[in-house]
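J.: Sequence:
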Amino acid sequence: MSGKRAKNCAPVLEHYRTFLYTCGAYYPLFGVIMLTWQTKPTIYQINTWVWLHSLSQRYGTAVGLHNVPDEVLDNLAAYGFDAVWLMG
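Going by our numbering, the sequence shown opens with residue 715, and the numbers climb by one from there.
Calculated directly from the structure, the hints in this document are not laboratory data. Please read these numbers as outputs of a predicted model, since none were measured by experiment. A virtual CB, placed ideally from N, CA and C, is assigned to each residue, including glycine. One or more of the hints may lead you astray.
As the list claims (entries may be wrong) - Below, computed lysine to any residue pairings styled on SDA-like, alpha-carbon distance capped at 25 Å:
(1) Lys754 <-> Ala797
(2) Lys754 <-> Asn781
(3) Lys754 <-> Asn789
Unchecked claim - Label pairs and their calculated CB-CB ranges:
(4) Val764 <-> Asp796: 17 to 25 Å
(5) Gly774 <-> Asp796: 14 to 22 Å
(6) Gly774 <-> Lys754: 38 to 46 Å
(7) Thr775 <-> Pro755: 28 to 36 Å
(8) Gln752 <-> Tyr773: 27 to 35 Å
(9) His767 <-> Asp788: 19 to 27 Å
Start from the sequences and build out the full structure, keeping to the hints where you can.
T.: Quick look at the structure:
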């Protein structure tokens with residue numbers, strides 16, 4: 715590993731010092747692999763508290779990050795963003 719990055723290869727978790735980096739992936743010491751993504755990804759930002767409150771009202775039950783309905787996640791994925799940023 716020379717420490718150089720390939721063109722158009724942005725690290726996902728650069729602030730973690732415990733990750734080994736190659737252009738294709740991050741290899742954290744605890745064993746989970748994080749892949750890299752485009753240099754200029756599109757990110758969909760959601761105000762988490764407002765979103766979860768809205769989902770709770772829509773579904774008539776408390777919705778938290780652990781039980782967001784699959785159809786909601788599928789709809790988010792259908793937008794085609796590279797990532798979803800849960801703010802707040």
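J.: So, for every hint listed, does it hold in this structure?
T.: How the hints compare with the structure:
Distance restraint check for Lys754 and Ala797: the Cα-Cα separation of roughly 11 Å lies within the 25 Å cut-off, and the hinted pair is therefore satisfied. About 30 Å separates the Cα atoms of Lys754 and Asn781, which puts this hinted pair outside 25 Å; it is violated. Restraint check: the Cα-Cα separation between Lys754 and Asn789 comes to about 23 Å, which is no more than 25 Å; the hinted pair holds. For the pair Val764 and Asp796, the beta carbons lie near 22 Å from each other, so the given range of 17 to 25 Å is met.
Gly774 and Asp796 have their C-beta atoms about 32 Å apart, which leaves the hinted 14 to 22 Å range violated. In this structure, Gly774 and Lys754 meet the distance hint of 38 to 46 Å, their C-beta atoms being roughly 40 Å apart. For the pair Thr775 and Pro755, the supplied restraint of 28 to 36 Å holds, since their beta-carbon distance comes to about 33 Å. Restraint check, Gln752 to Tyr773: a C-beta distance of roughly 34 Å satisfies the suggested window 27 to 35 Å.
Evaluation of the 19 to 27 Å hint for His767 and Asp788 yields a pass: the beta carbon distance comes to about 21 Å.
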